[in-house]
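*Asks:* Make the full structure from the sequences, and use the hints.
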Amino acid sequence: MFGQGLIKGLQITWKEFWAKKFTVQYPEEQHPVPERFHGKFVLDVDKCIACGLCANACPNKVITIEKQKVGKKQYMTGYIMNIQYCLFCGLCVESCNKDALHYSKDFNMNQYFYRDIPLVLVKREAPAEPEEEEQPAAKAEARPKAKPQAKAEKPAEPAANSEVAAGKVPGKEGE
Amino acid sequence: MLENLFVGIADWLRSLLGGLGTPVEINEAIVMLVKLVAILVFILINALWLVYMERKVAAYMQARIGPNRVGPKGLLQTTADIGKLISKEIVIPGKADKVVFLLAPVLIFVPTLMVFAVIPFGKNMAAIDMNIGVFYLLAIASLSTLFFWMGGWASNSKYSLIGSMRVVAQMVSYELPLVLGLLGVIMIAGSLKMSDIIAAQEHTWFIFTQPIAFLIYFTAAVAETNRCPFDLVEGESEIIAGPYTEYGGMAFAMFFLAEYANIMVICAMATIMFLGGWHAPFGLDFIPSWVWFFLKMYALIFVVMQLRWTYPRIRVDQLMGFSWKVLVPLALANIFITGIGMKIYQAIGW
Amino acid sequence: MKEKIAPVEEIKQKFGYIEVDEQKAVNVPAGKLLEFMQALKDEYELDFLTNLTAVDYPEENKFEVVYNLTSTTKAYGLMVRTGVDRENPVLPSVFPIWGGANWQEREVYDLMGIVFTGHPNLKRILLDDKFEGHPLRKDFQWEGGRE
Amino acid sequence: MLRTQEYFLNFGPQHPSTHGVFQIILTLDGERIVKAEPVCGYLHRGIEKLAESRTYTQVIPYTDRMDYLAAMLQNLGYVQAVEKLMGIEVPERAEYLRIISGELSRLASHLLATGVYALDIGGFTGFLLCFRERERVMDLLEELTGSRMTLSYARIGGVADDAPEGWLDKVKKLMDDMPGYIDEYNGLITGNEIFQARTKFVGQLTPETAINYSLSGPVLRASGVNYDLRKVRPYGIYDRFDFEVPLGENGDCFDRFYCRVREMQQSVRIIQQAIEQIKEVDGPVIAKVPKVLKPPKSDVYHEIESAKGIIGYYVVSDGSNKPYRVHVRRPSFINLGYLDEMLRGYLIADVVAILGSIDIVLGEVDC
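Residue numbers (this note's numbering), protein chains in the order written: chain B, 8 to 182; chain Y, 46 to 395; chain H, 347 to 493; chain L, -1 to 365.
Rather than coming from a laboratory, the hints here were simulated on the basis of the structure. Check the hints yourself; a few may be wrong.
What the hints assert, rightly or not - Okay, derived cross-link-like pairs now, EDC-like style, lysine to aspartate or glutamate, Cα gap no bigger than 16 Å in a straight line:
no., chain 1, residue 1, chain 2, residue 2
1, B, K112, L, D137
2, Y, K203, L, E4
3, B, K28, L, E133
Said to hold, decoys possible - One-sided excerpt, in silico: chain B residues whose CB lies under 7 Å from chain L:
no., residue
4, G12
5, F29
6, P41
7, H45
8, I124
On a predicted model such as this, the values are computed, not experimentally measured, just so you know. Note that CB positions come from ideal geometry on N, CA and C, so glycine has one too.
*Replies:* If you want it as structure tokens, here you go:
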């Protein structure tokens, strides 16, 4: 009979009117972020050996790794991701042999200025003199030295120091 | 006390003015003016509230919760929107007819506001209880076609033009079943005066004696206000926004608010003509008459909104076909049957 | 994954001028293209032109136009290739045989620059009408972009 | 003297119902369409050209960006083409995960198509109700792959990751709820008389024209042509599942719409069976493939049934680690090819109905 479908439709909207609502009041409540979420990148600086596999795996050449030769070892001075070109495909994370590069659950990567968009995971200076002695000791010594220098040079740049990258201090952009 | 709240205010005003010793005619004129201003303010506030209600109803039917940030439960949302829209620039397209373009959104409110003068919101609560009230209402309400057309034509845009062509076609063809649907009621009531029609429904509402007429009227009235499923004037998925395509800021908001005021008119009309106006059902007289009137009106408005959020839009040829091939013959048949029925009743004796 | 391929051997015997390679794809000279295609459609029920594309081989100085045909009734497919000279890339359109070639040929014309004679509306489709060059050619150079 | 004149109407590129940036230049006689000229390419990014400078694995994320509504199916077509080129055997469990995520993608795409079609016709509520369920599907995909739309989940030789703990149960629960939701859409949208009046016998396609114009997917099947690659030439492990191919009778907009709704039911059936079967399958989710993929010098054409129709990948290898040429047969693009003829003689409102029923994604049309 003509009109049956019309009445059915009204019934459904009437039922929906009283049904449970699905809205999540965003800033107050948040949707659970799954474990594998492709969010902001986090680099474990200690594990990273600056091999460049991730940069090679990236389809869009997002990752730039700057390294300097200190003694016999390669020393990474910068790990910058041009996040505006990132496809969030996960190939870089997958390619990492040392399990150093990860996704975090932080999806808030917006920036007010275009120049702030690149995600600087590591920015530090190489230790000045090549240390010929024991490597671990040299490393441990070198890093505390490097940090204050980086800070002093670029105080304005948010997340531009290795502390943020290493996850010791919560990133400023996320706020 | 509550029953006669508004009537009491009017009487108080009248006696106050009487104390001043001015002539009675001037006193009456002042009282009338106050009444009209009160209605004006009431309508505008109501239109704002209806926008909010529409958004809430829509949201609740779509598993959302709708506006809820501005003010308690989002009640001030439309106020904030209007504030935003007022502050926006009204962009006038380059080749538009400027005068007509700007006049249309101003004038669109005029017929709607004029119509409210004769609507009795409660017992003795019509600003003017004209003896041709229904006629006046229908005549004035159909004027708004012109202003839609003005807006669409003056925009000098093809989408606007198509939209306003549709408005004219639609409104003219739905005017007919609308009036014919009401005719059955008028025949039984034997009067064009609103208060007489309501008085005639003291025992039985006309929706029970004239159910077909009610359906015809309601369908035609929804079409008349360009609401879904007859909203192909706006038809946002086809012709963007029809006559309003080129309007922005407050000019757009005027069209928007006029639409809601029009919904109020048609729902108030349906309440008066079919749902017994301010008569209380089941002898629940302790609730004031005007409360009953508004309850019925808002129930109907809710139905109009539910229709919008349930049905898809019909096509322009189907729209015309539906009016001329279904509604008009049905309305004529209804008048015919009503006439026969009345004769039979008269023969039997009331 | 098993491929269902049209009876290539049979087709080979019937049409002497075609070559069949190890993938059971058919190479047909450009001159015989329309005649061969019409026969495929009429006699082997290859009524569905799935894919039409072209590949640029600058070393061999040719474009290779690839037609992938399938049959909606017999569920087999066939790949037909034809070479066209790179200097003068003109090929008859298969639009009269399969309407599906309409936009695909326009796309190939747009991106590869192969002219299909007999096509009803051979215009650029994805790129701007004023665009110069055909980007999918291997020698296409474009200034700008990131790298 | 009274004189009538045809006029042009620019339908798009900025128009709410073109599903993206797409333009149709309509020649109108009143509200009736005399001629329609589709103009696409506003979203052309040159993916085929980009693919030539990427390695085989690196092309996968770009395939996402074509039909971003059913990204998994796009991935799948490409990786299966490369696997065919290299002769890689895919582990069982990966095949099942591909089926489940692929069908979930199809479900998401069809949910969107259903909802958006309701919106095109004018029913807003159907749109948001479909989105509610689509959201659940996307949440599941997000949990599996980490992304909601551009999944990049398939890898050459398998899939990126195994299903997380408890994920299959969640999928199963959604699949149990799904038939109820589909009934709701049928009540709200399909059964509605106004909707039927708008869509029935509009934009009719005969089976002959549909085949001739290489239309595929629900557009082809609505005309009554039983041509679903999952049945006709089963790829992957589709031959292990029991499902039907919904067909239409009239080939009109309503049939195309309703085919999608019924395909959702079949997708649900496939996923339910796959979940049952995957429990017995264990093992790796990716085959042992070399780090650097160097397929032999050859070419391959592989096509699968995507949500919008047949998506085919033509991959040419020159023996290096980068594809020499990748061409994609995009169903949306080819389905649009017949739009002009389809629209002629109908009203402006039908443009929306017909265009919506083809269910295009501009990312795929423009590639």
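*Asks:* Work down the list of hints and note, for each, if the structure agrees.
*Replies:* Hint by hint, here is what the structure shows:
With a C-alpha separation of about 15 Å, the suggested pair B:K112 and L:D137 falls inside the 16 Å cut-off, and the hint holds. Simply put, Y:K203 and L:E4 have alpha-carbon atoms about 12 Å apart, close enough for the 16 Å limit, and the pair holds. Simply put, B:K28 and L:E133 have alpha-carbon atoms about 13 Å apart, close enough for the 16 Å limit, and the pair holds. For B:G12, the interface hint holds, since its Cβ comes within 7 Å of a Cβ in chain L; the closest pair sits about 4 Å apart.
The criterion of a C-beta within 7 Å of any C-beta in chain L is met by B:F29, whose closest approach is roughly 6 Å, and the hint holds. Interface restraint check for B:P41: the shortest CB-CB distance to chain L comes to about 4 Å, inside 7 Å, so the restraint holds. Of the supplied interface hints, the one on B:H45 holds, with its beta-carbon coming within about 4 Å of a beta-carbon of chain L, less than 7 Å. Here the hint on B:I124 is broken, as its CB sits about 19 Å from the closest CB of chain L, past 7 Å.
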